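Peer 1: In the order they appear, the protein sequences are chains A and B.
Per this note's numbering, the first sequence runs over residues 5 to 491.
Per this note's numbering, the second sequence runs over residues 5 to 491.
I should point out that these hints are in silico values taken from the structure, not numbers from a laboratory.
Quick caveat, the model's predicted, so the values are computed rather than measured.
One or more of the hints may lead you astray.
As the list claims (entries may be wrong) - In silico PhoX-like cross-links for lysine-lysine, where the CA-CA straight-line distance does not exceed 20 Å:
#	chain 1	residue 1	chain 2	residue 2
1	B	Lys384	A	Lys303
2	A	Lys305	B	Lys445
3	B	Lys122	A	Lys239
4	A	Lys384	B	Lys271
5	A	Lys239	B	Lys305
6	A	Lys122	B	Lys239
7	A	Lys382	B	Lys271
8	A	Lys271	B	Lys74
9	B	Lys445	B	Lys382
To be verified - The following residues of chain A were derived to be distant from chain B, with all beta-carbon distances above 10 Å:
#	residue
10	Glu32
11	Gly276
12	Lys405
We treat Cβ as the ideally placed atom computed from N, Cα and C, and that holds for glycine.
There are 2 protein chains.
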Amino acid sequence: IKSFTVFCSLLNVVHYDELSQYVDSHQEEYVQTLRDWVAVESDSSDVLRRPDCQRMMDMTAEKLQAMGGKVELVDIGVQELPDGKTVALPKVVTAQFGSDPSKQTVCVYGHVDVQPAKLEDGWATEPYNLTDINGNLYGRGASDNKAPVLAWIHTVEAYQALSIDLPVNVKFIIEGMEETGSNGLDAMIVAQKDTFFSDVDYIIISDCGWLSRRPALTYGTRGNCYFFAEVEGPKQDLHSGVYGGTVIEPMTDLIGILDTLISPSGKILIPGIREAVAPLSDEEWKMYQDIEFDIESFKSKIGVSQLMYSNKVDLLAHRWRYPTVTIHGIEGGFSGPGSKTVIPAKVIAKFSIRQVPNMDPAVVKKQVTDYLNSVFAKRKSPNKLKVTMIIGAKPWLADTKHPLYEAGKAAVKRVFNVEPDLIREGGTIPIAKTFEDVTGKSIIMMPIGGFDDGLHSQNEKMSRYNYIEGTKLFIAYLHEVAHLKKD
Amino acid sequence: IKSFTVFCSLLNVVHYDELSQYVDSHQEEYVQTLRDWVAVESDSSDVLRRPDCQRMMDMTAEKLQAMGGKVELVDIGVQELPDGKTVALPKVVTAQFGSDPSKQTVCVYGHVDVQPAKLEDGWATEPYNLTDINGNLYGRGASDNKAPVLAWIHTVEAYQALSIDLPVNVKFIIEGMEETGSNGLDAMIVAQKDTFFSDVDYIIISDCGWLSRRPALTYGTRGNCYFFAEVEGPKQDLHSGVYGGTVIEPMTDLIGILDTLISPSGKILIPGIREAVAPLSDEEWKMYQDIEFDIESFKSKIGVSQLMYSNKVDLLAHRWRYPTVTIHGIEGGFSGPGSKTVIPAKVIAKFSIRQVPNMDPAVVKKQVTDYLNSVFAKRKSPNKLKVTMIIGAKPWLADTKHPLYEAGKAAVKRVFNVEPDLIREGGTIPIAKTFEDVTGKSIIMMPIGGFDDGLHSQNEKMSRYNYIEGTKLFIAYLHEVAHLKKD
């Protein structure tokens, strides 16, 4: 037995080296595929872009089909729009490579929809034209999440090209609505619990990034409750000269209630929110202390002279395990350049609150709605306030002592020759919690995105280094997972 | 002498009736010309539309030239953009019909640029396609100010068509930057003080509207100080999940300072502003009491259940002779439909304060800047605040006992057989004050727009009734002015 294990290990190393060389020599091809994918403006937040989202799903399915996967495009129904109309949701792609019952089965989750992006937002390059500048590949969706999805696909392709058996069965579930809350996916997972997911042992998500130049494994994400607060007054926009002084302006009301959400020092003022947060344990505090995180380089990366907190533990904790309120913007006012002397008739603030254990989105919805209604009532305004929660995604937290994470550490060690940081993610991957609750399977998040990839902002990029070495990490990880005892 | 005067009066009546019939029978032609003018998207706030603005000026000049006017297109220089570049200002059109030194000379001021408009703002019809619905002509710029300018042009045309001598010399000064503060016009007026304006006796402005269905003469306008308050933080937009809780967000800061401008009950909180306002006299109070103004129909027109004040005098006073603050919107945040989880890096609030006697824009600029800077300083934010005043237009106030107004009352009486209301305008006609200060001439504002024309908002319109009867009012007014003693 011992000599067999050694032989296997040796075989793994030989295979890994061979696969790794294959990845290196196919780098240009991988970049070209990423360019083709980034060119599709699969912005899921804009219903007018829905055909692009659907095309992106088709392209994903075709790619997996061409590789001989057992592929399905799963209809997940329609999305209801605010005006009561409906629009078809992008289909979900599922695929399967290998069904050997003696092997572990991993299921890779990813998404191919993206956040909005326009050149005039301040991009240095066309956001949907992948542009290589000094080894960085700039483009909307490059890092979030098209390159990681492709790196997983290329992992399977490399094995196939070299006629090496996959050490585990690999399944894919790729969606097109992640950026707007994975609408429809929860129900699809529930529906396929006993079919597609029945033989899945582990779920792997690579929809996040490292914290520094050191590779990382991610064991938690924040959830997100996204709110619209709409204040409606006159039946149409009014001239601010002709009517200013006679009407109670919806924008003034909206600014007034938004200003009661959070204090200048970052304290959330909505009653009940802070009380629900799990306290920071000594063990956690210690863990944060040991993480590689350079405050000065973080500050210089985002270009600010001062952060909300000045020490590492407070910063990481408020990034990962405390809630926060962000006001994203106001729809309905005059938001163009130049000047316009208008009293907007209806204005809609968009804000969101990141969720952490032990917050509950249903409770948060009530807390926020009640609070804003009470604050608004004090203004005695004749305008109408309507608060709606359009996304309510729960946080997710894994056990870092699980063998999945041990396997992850070993894979990182093999490819990068360092220990990974164990980190959490301030952002939200809405589906992680659903996977856990519905399938009961363990989940690992294995990011390959860089710490400075600019997700959701201008000039998003994926470095060639992370894209290519990340593909190797996935190859190494499949070998490690193959050795885990089946649950 | 007496019999000559009677003869003149009789001649006037005969002429007026003849001219009036001519106007009635050319109604369709007038509507078509208005349609051609509205079709030009002469939005002066959008520099990309500058060629359209220039084309609008050319069309205006050509029209006046074809009528045999002595026309000039006056170059008024360039506009400096925020990025330091410059763009040519639309030329100003001047024209002259008649130069008989024994006659009075009136100068009609108007503008042919418009406010922004998009179908998706909530227009029921294409904003640049003039659409007749039940006698209302819907289109951006229809009432503000293209139809009134055309009504003046048609007035001169009618005399020409019927070979009736103009009772006064008529000059025109038509600009294309009114909606953004009449950039460049002040200097042009100063420059032409002793040339174009040297023989002008009176200036007539028809860039406003009635207060009710009763015709009105306007004797005052509010000025306007338009501010940009920019808060800049990180060097680019950030993902609100990844960075929320660690950065001090510019949007939170901006909302915080905006909320200190005005109280829920409409009280301006900027120190010094309210103190500068001229007190309401008993005479004024009495005058407001007598004005025809139906609060209920005003409420139902704008679609609100409650106004800032519940009695007529307070309402009219706060509309006309007290300052007000309006927050128009925020540039740089997420203002589209749907959701986006962004921390905007730089946000710019647009707000304006209507000016009344005895406020001084230069003082207001300092009051607002100092106040916002002090409020911002209390937040101890590392973000940068920049307050700029991009428009500083003074209020204007005329003496209603001036013969110009007596002539106006007589003309209204002839055409509509009622006494006009003497009203003020909450909006701003930046150039009125300049005309007065530079030329020393008396000014009258003679509106023909309806009380419900929707200036600056969706579904702006001009009724056929006001367009056609307004043209007759101008004809009648020229006769009345002809009888005034030369100053």
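Peer 1: Now tell me if each hint is right for this structure.
Peer 2: For each hint, the structure was consulted:
1. B:Lys384 with A:Lys303: Distance ~17 Å between Lys384 (chain B) and Lys303 (chain A) Cα, so the pair holds.
2. A:Lys305 with B:Lys445: 60 Å, violated
3. B:Lys122 with A:Lys239: Cα-Cα ~17 Å, so holds.
4. A:Lys384 with B:Lys271: Between Lys384 (chain A) and Lys271 (chain B) the Cα gap is close to 14 Å, so the pair holds against 20 Å.
5. A:Lys239 with B:Lys305: 8 Å, holds
6. A:Lys122 with B:Lys239: 17 Å, holds
7. A:Lys382 with B:Lys271: 16 Å, holds
8. A:Lys271 with B:Lys74: Cα-Cα ~68 Å, so violated.
9. B:Lys445 with B:Lys382: 48 Å, violated
10. Glu32: Holds: least Cβ distance 29 Å, greater than 10 Å.
11. Gly276: 18 Å, holds
12. Lys405: Answer for Lys405 (chain A): holds, closest chain B Cβ roughly 26 Å.
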